[in-house]
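*Asks:* Listed in order, the protein sequences are those of chains A and B.
Here the first sequence is numbered in this note's numbering, starting from 410 and rising by one per residue.
Here the second sequence is numbered in this note's numbering, starting from 410 and rising by one per residue.
Treat the hints with care, as some may be off.
Identical copies look the same in the list; a pair holds intra-copy or inter-copy alike.
Stated by the list, open to error - Once the Cα atoms are required to be at most 25 Å apart in a straight line, the calculated DMTMM-like pairs of lysine to aspartate or glutamate come out as:
#1 K532 x E457
#2 K532 x D503
#3 K509 x E457
#4 K532 x D448
#5 K589 x D577
#6 K589 x E566
#7 K517 x E570
#8 K589 x D547
#9 K509 x D465
#10 K509 x D533
#11 K589 x E457
#12 K517 x E457
#13 K509 x E566
#14 K532 x D577
#15 K589 x E558
#16 K517 x D533
#17 K509 x E594
#18 K589 x D533
#19 K532 x E558
#20 K532 x D447
The set of hints was computed from the structure by calculation and includes no laboratory data.
As the structure is a prediction and not an experimental result, all values here were calculated from the model.
2 protein chains.
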Amino acid sequence: MPIATPVKKHVTKETPAPERARETAPAEKGADAAGEADDATRLVEAIELLFFAYRDFISDPDALLAEYDFGRAHHRVIHFVGRNPGITVAELLDILRITKQSLARVLKQLIERGFVAQETGRKDRRQRLLYLTEAGRDLNDRLAAPQRERVARALLEAGAEAGSDAEDAWRKVMLALLNKENRSEVEDRLADGRDRPKGRKP
Amino acid sequence: MPIATPVKKHVTKETPAPERARETAPAEKGADAAGEADDATRLVEAIELLFFAYRDFISDPDALLAEYDFGRAHHRVIHFVGRNPGITVAELLDILRITKQSLARVLKQLIERGFVAQETGRKDRRQRLLYLTEAGRDLNDRLAAPQRERVARALLEAGAEAGSDAEDAWRKVMLALLNKENRSEVEDRLADGRDRPKGRKP
DNA sequence: AAAATATGTCAATATGGCTGACATAAAATC
DNA sequence: GATTTTATGTCAGCCATATTGACATATTTT
Chain A
410 MPIATPVKKH VTKETPAPER ARETAPAEKG ADAAGEADDA TRLVEAIELL
460 FFAYRDFISD PDALLAEYDF GRAHHRVIHF VGRNPGITVA ELLDILRITK
510 QSLARVLKQL IERGFVAQET GRKDRRQRLL YLTEAGRDLN DRLAAPQRER
560 VARALLEAGA EAGSDAEDAW RKVMLALLNK ENRSEVEDRL ADGRDRPKGR
610 KP
Chain B
410 MPIATPVKKH VTKETPAPER ARETAPAEKG ADAAGEADDA TRLVEAIELL
460 FFAYRDFISD PDALLAEYDF GRAHHRVIHF VGRNPGITVA ELLDILRITK
510 QSLARVLKQL IERGFVAQET GRKDRRQRLL YLTEAGRDLN DRLAAPQRER
560 VARALLEAGA EAGSDAEDAW RKVMLALLNK ENRSEVEDRL ADGRDRPKGR
610 KP
């Protein structure tokens, strides 16, 4: 599917800005003779913004993961277990949208190497509740650091330009991009209603 | 690497909202006793927003691609060739951040099946300039449609809530999320300075 | 003439998805 | 209490898409 960023194994490259001199691009889309951005163009640009932002965004922790011989799959698990201590396997699968067989592989490695711990559920002893170990929390933090910095910087930069509620506007748009069925799931853990309890429904 | 969404081959599943009743999540992060979102939490939430928004966003065209037996890689190529008619292989590689061997495979298929056409560069005859064929433009459009709709809807919803410059703020943040080296590259094709010519430097 | 560049291609490998089938333990239901 | 359902784990194989390294070709630059 669409415009999902690839993985890039050994963080190499860094090409030095290509010449970009198009010859004769046949038909420059639609109505932008002088300086009008028609809706279609604006929307396609938004699509690309998502692509590029995400591409750069997820490029941050790669080097670190490589040191551990982990991949993005491991990162995702670590992140969401870190965010939802005691999450069940089923819930994790629901977030990640992968099969249990796929999850099993990375989860097994994470457990073997001591980043994730399991615990039998007390109410339902079939369940395996997942937690980060000390090492797991540590790695999680080191992985998140560059991403947090990136977001913080971006919000600052943009906020300075666009008004201090830029962050709020950004969040609202991002949230509105979700499938409706996922809104509440995500909203639950979000700051929108700061008072709401996070990740549980007692 | 981190929190990049998986591919989901045969668009199945759709789990019916799990129970989500955590037992005793040990330590609920940091300082949110009552209703305070510390910076770290806000930033982590932003990270997740990017993950979830992107996950849903790229899920749109999957069904369509499957009809053609294409994957996300094909979509990416079609999109960027469509946006940059006459783009060279090297430029495309630079955008996609993959190796030429990886590109070669999907590009070959797209050419064989008549969605992309090559043309020898006139100034530099080593170059292969890439264009979408009629069929390619058509597919590109059909792929983009649900994504455009999604973005349009999101901007509307959020704009209604957050003021009409929500779009502007959103774009500024998204752009600020990019690596500095990529800013100008991306800005070039963006609406920020509506007057600037797109994708060329004559 | 030699070197650098743009592209293509062969071959091997890894990651992380997928499917299907089956196994176990615990809970829920009849 | 027996049966069925649920949560999880696991084996085995497949596929898409990425990687690396090496090398070939045509063309442009030096």
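*Asks:* Evaluate each hint against the coordinates.
*Replies:* Outcome of the hint check:
1. K532 x E457: neither (46 Å within a copy, 29 Å between copies)
2. K532 x D503: within (21 Å within a copy, 52 Å between copies)
3. K509 x E457: For K509 and E457, the Cα distance is within 25 Å only across copies (21 Å; inside one copy 32 Å).
4. K532 x D448: neither (53 Å within a copy, 34 Å between copies)
5. K589 x D577: both (19 Å within a copy, 23 Å between copies)
6. K589 x E566: Between. Shortest inter-copy distance 12 Å satisfies the 25 Å Cα cut-off; intra-copy 30 Å does not.
7. K517 x E570: Neither: 46 Å inside a chain and 44 Å across chains, both beyond 25 Å.
8. K589 x D547: neither (34 Å within a copy, 28 Å between copies)
9. K509 x D465: Only across copies: K509 and D465 sit 20 Å apart there, 28 Å inside one copy, limit 25 Å.
10. K509 x D533: within (19 Å within a copy, 51 Å between copies)
11. K589 x E457: both (22 Å within a copy, 16 Å between copies)
12. K517 x E457: between (36 Å within a copy, 24 Å between copies)
13. K509 x E566: neither (40 Å within a copy, 35 Å between copies)
14. K532 x D577: For K532 and D577, the Cα distance exceeds 25 Å both inside one copy (39 Å) and across copies (48 Å).
15. K589 x E558: Between copies only: 14 Å across chains, 29 Å inside a chain, cut-off 25 Å.
16. K517 x D533: Answer is within: at 21 Å inside a copy they meet the 25 Å cutoff, but 52 Å across does not.
17. K509 x E594: The answer is within: 20 Å in one copy meets 25 Å, while 40 Å across copies does not.
18. K589 x D533: This pair counts as neither: shortest intra-copy Cα distance 30 Å, inter-copy 50 Å.
19. K532 x E558: Close neither inside one copy (39 Å) nor across copies (44 Å); limit 25 Å.
20. K532 x D447: neither (56 Å within a copy, 32 Å between copies)
In this structure, the earlier hints numbered 1, 4, 7, 8, 13, 14, 18, 19 and 20 are contradicted, and the remaining ones agree with it.
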